[in-house]
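S.K.: These protein sequence lines map, in sequence, to chains E and U. In terms of this note's numbering, the first sequence opens at residue 4 and continues consecutively. In terms of this note's numbering, the second sequence opens at residue 800 and continues consecutively.
Source of the hints: derived by calculation from the structure; they are not laboratory data. Glycine included, each C-beta is placed from N, C-alpha and C at the ideal position. Hints should not be assumed to be uniformly reliable.
The list that follows gives simulated cross-link-like pairs (lysine-lysine, DSSO-like), each with its CA atoms no further than 30 Å apart [said to hold, decoys possible]: (1) E:K203 with U:K808; (2) E:K132 with E:K240; (3) E:K361 with E:K316; (4) E:K316 with U:K881; (5) E:K220 with E:K240; (6) E:K35 with E:K107; (7) E:K132 with E:K316; (8) U:K806 with E:K207; (9) U:K808 with U:K881; (10) E:K207 with E:K361; (11) E:K35 with E:K316; (12) E:K35 with U:K881; (13) E:K220 with E:K132; (14) E:K203 with E:K220; (15) E:K203 with U:K806.
Partner residues aside, some chain E positions facing chain U, computed with beta carbon under 8 Å [what the hints assert, rightly or not]: (16) A19; (17) R20; (18) A312.
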Amino acid sequence: MGRVSDYAFINAKLRARIGIMRSESAIDEMIKAPTLSEAIAKLDGTRFARLAEVYRATGDLQQVELALVDDEIASYREVASYLEERSRGYITMLLEKVEIDNLKNALRIWYSAAIRGHQINSRAPYIEKRLIVHPIDYDRIVNASSFQDIVHALSATPYAGIAREFADRDLGVTGLFPLEIALDHLWFGQLEAAAEALAKEDRKIAEAIFSVDVDLKNILFLIRYRFYYSLGPEEMKDVILPYGTIGREAARMGSLPADEMMARMKGIVSRRYPAIMEEIDDIRGMSDDLTSQDENAMQILRIENYLAATREKEYSRLLLGNPFSIGVVLAYFFIRRQQDGLVQAVLSAKYYNWEEGKIREALHI
Amino acid sequence: MTAYALKRKIGLSLVLTLVLLALTAFFFTPTLSAAAEGAGQGSSDVSWVCFAAALAFGFGAIGAGMAISNVGSAAMAAISEKPEIATNALIFIALAEGLVVFGFITALMILGKV
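Bound conformation, chain U alone:
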């Protein structure tokens, strides 16, 4: 893959992630907001909490995506030349993948406060 194609893919991933974030916020915020209002809290506070959770998960996902695009392509390149290093290479991909898991856990913890 040329650097140009890689950059296009990263750009596309970023745009898709942002769209997903916006859609998530659009669909889930009213539900949570209604639940919070039932519990006697202001809808504006809940929106901020949801937004924080979305940011935590979203940036984690974006970061992981960017890391995996580089680590993954390097790993695939190395594995194609030397298949015996596949296990080692996959460990590095998993490390990059960890970023999104941290983001997800953080988002759950934030949402748990609502």
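The following block holds chain E by itself, in its conformation from the complex:
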């Protein structure tokens, strides 16, 4: 009775929305549109109608992307408001990922200006400056004269510890990458803790999908950073998230030499996700015998698309499960993010005058 009353209202609402999202053909029509303005016009009458309004008012595609982030934040808040406390905590944790991504953008702008000496005036306005989950002074971060300013700006957030940890490091040498990875690690850890607080059935669902998410993220890290950015095995140890099947195994193998650990992890991926491994082997993604940067980028894109398809299958399964569980909510956010990403990608492609065929090939649609 409790679970039914907890989820009856919100899950019916979200299922109806999912049905509408799946039946809309706006993205297909956008791809076919000959110009950016015509592509934008296809958004009228859909849930993206506000984006069309923003574009007409500003003529600025980055403002449209910002509006998309605004809508995403609003959707998390709306859904969370209908849920009981434990589930609300989990959804707030998902919203925190939007905050972390926004924080990373702010840090990149700061890095670009303070460390690289680039002009940031054109990028600074495209940061979401309103409250997402924690109070963060984004202006202070973007305009920080030293990393200490950033530490102060993050003092009332869970990111304060990480900021303090990086205050003594020379980011000019290491880049922002270790800091961004540390933020990702923090978020995954918090998400796992939030899942543990859920009701029994919700916890099972959240943990199962969390495990797949982390595994796919770790596979992507392995491919992207080990083979594309050529990170050494020792550095990879710090990158791999210590959750999910792959991450937990990696944590257990912590004492092994890094090379051996990498070889064993390849074995784990082969056993747990044989289809992914076949795909990777097929395009030589896991081999050290790489060719040009462009070829590598295309390989990474293919693997990313393949991993995205695997994720999609896992999330689609949630819709077939218990209708009175957090599964429907998670599936809704997944489908929504996926569509937001597609709209964003198609608009960017239209901005650069990409042909329909090229867009379809890149997006696999």
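Position chain U relative to chain E; hints supplied.
M.R.: Same frame as chain E, but now just chain U:
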């Protein structure tokens, strides 16, 4: 509506239903009892019959209330997003509503025995 508010409403509905049941029993049992005594039956038997009828109707009403609270809220949520499914949604609400009708008919049948 949050789950907490929904639970409060359900709780309130239950209490109100029980109060109504008690009032019904209080007002109608003496009348029926007098009628039954006139017909030569014991007042205690009649009380039990009335109580059974009240239970049949009362639990039917409570069950329907609980079902409609969930089905209705889900239906309203779905209709607010997709108005074209209103007819389908109302059918499900009517199915839940059927519970109280069954309870009512059963209560009438029981009372018909007096």
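S.K.: For each hint, tell me whether it holds in the structure or not.
M.R.: Cross-check of the supplied hints:
no. : hint               : verdict
1   : E:K203 with U:K808 : 25 Å, holds
2   : E:K132 with E:K240 : 34 Å, violated
3   : E:K361 with E:K316 : 25 Å, holds
4   : E:K316 with U:K881 : 26 Å, holds
5   : E:K220 with E:K240 : 14 Å, holds
6   : E:K35 with E:K107  : 33 Å, violated
7   : E:K132 with E:K316 : 35 Å, violated
8   : U:K806 with E:K207 : 25 Å, holds
9   : U:K808 with U:K881 : 26 Å, holds
10  : E:K207 with E:K361 : 41 Å, violated
11  : E:K35 with E:K316  : 27 Å, holds
12  : E:K35 with U:K881  : 27 Å, holds
13  : E:K220 with E:K132 : 28 Å, holds
14  : E:K203 with E:K220 : 25 Å, holds
15  : E:K203 with U:K806 : 20 Å, holds
16  : A19                : 4 Å, holds
17  : R20                : 5 Å, holds
18  : A312               : 27 Å, violated
In the structure shown, a violation is registered for the earlier hints numbered 2, 6, 7, 10, 18, in ascending order.
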